[in-house]
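Residue numbers (this note's numbering), protein chains in the order written: chain Z, 1 to 86; chain S, 1 to 189.
For the record, the hints were derived by calculation from the structure and aren't laboratory data.
Among the hints, a few may not be true.
Said to hold, decoys possible - Computed, partial: chain S to chain Z, Cβ under 10 Å:
hint	residue
1	Arg114
2	Leu160
3	Ile165
4	Phe173
C-beta: ideal position from N, C-alpha, C; glycine also.
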Amino acid sequence: MGGLPTATVNGFAVHPTNAQVMLVAMRDGVFRSEKGDSGWTAARGAPKNAAAVTFNSGRPSNAYAATTEGHTFVSRDGGQTWAPVR
Amino acid sequence: MSLPLVLVVVATAAETANSNTRPDAAAKCAEMMQQSNPEGRNAMREFMQSELAPQAMGNRMEMARRMGDGDVMLGMTRMMEMMGSMGRGKMGQGGMMLPRGRTLWLGAHTGLYRNEDGGGTWARASLPAHGAGAGLYRTSDGGQKWVRVDDGPPGETKVLGSVNIPTGMGGIFLYAGTGDGLQRNPDCF
Numbered sequence: 001m002g003g004l005p006t007a008t009v010n011g012f013a014v015h016p017t018n019a020q021v022m023l024v025a026m027r028d029g030v031f032r033s034e035k036g037d038s039g040w041t042a043a044r045g046a047p048k049n050a051a052a053v054t055f056n057s058g059r060p061s062n063a064y065a066a067t068t069e070g071h072t073f074v075s076r077d078g079g080q081t082w083a084p085v086r
Numbered sequence: 001m002s003l004p005l006v007l008v009v010v011a012t013a014a015e016t017a018n019s020n021t022r023p024d025a026a027a028k029c030a031e032m033m034q035q036s037n038p039e040g041r042n043a044m045r046e047f048m049q050s051e052l053a054p055q056a057m058g059n060r061m062e063m064a065r066r067m068g069d070g071d072v073m074l075g076m077t078r079m080m081e082m083m084g085s086m087g088r089g090k091m092g093q094g095g096m097m098l099p100r101g102r103t104l105w106l107g108a109h110t111g112l113y114r115n116e117d118g119g120g121t122w123a124r125a126s127l128p129a130h131g132a133g134a135g136l137y138r139t140s141d142g143g144q145k146w147v148r149v150d151d152g153p154p155g156e157t158k159v160l161g162s163v164n165i166p167t168g169m170g171g172i173f174l175y176a177g178t179g180d181g182l183q184r185n186p187d188c189f
């Protein structure tokens, strides 16, 4: 998968209305693709040790990631940039 | 993936999805109440007349208080927006709004679990006998009967996703997050 590290994938999410947009949760962070199986880039501000990731099915611009340490991060731009949930 | 982790993700999503609703909380809540469909109104009436209602409403109020940071009306609005985002729903046992016909599935090291009430009660689902071995299993009847259809991707599979991207051969793709990265395969199973 172009640009995605060959390491353990802990979580995987597909945009509810655009199946080409995907997020992957890995130890090195959250990775995002807009091309289904290629063009993966590391999302800015995403946490290391990402354990799970999901889109808000009713508001897909929002996405959530949880870490193995139990912290939660939110994205308001479809997974491109992330910030911790206070 | 552990059960507590999944629940953390779901609960946090509910609490953070609508953080900018404070100014119009009351108006928005009233508007949403008025827009409920006839089926929803009937379900609400049935529920309110049932013996479950008092306790469930108490639970709901407590949840609203927490979701609204102490402001019950704001919490109610957040709850309703969250439920609305899950699709047209119905009232379920305990008074929780359920996505219509949606089953949640959870694969854990201890087995496969299914849920019909929005995350409250998890029941262990039947999988084939333990001797059947690792692999990819398919169900066509909502999880009652499972058939092993493939060895599955190499390595430990952590997460599976059916992705609506055409393969060009009449089907779509199945993605698997594994110990060796993300793999995909035409879903011909």
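Hints and how they fare:
1. Arg114: violated (18 Å)
2. Leu160: holds (8 Å)
3. Ile165: For isoleucine 165 of chain S, the interface hint holds, since the closest Cβ of chain Z sits about 5 Å away, which is under 10 Å.
4. Phe173: Since the shortest Cβ distance to chain Z is 8 Å, the answer is holds.
In this structure, only the earlier hint numbered 1 is contradicted, and the remaining ones agree with it.
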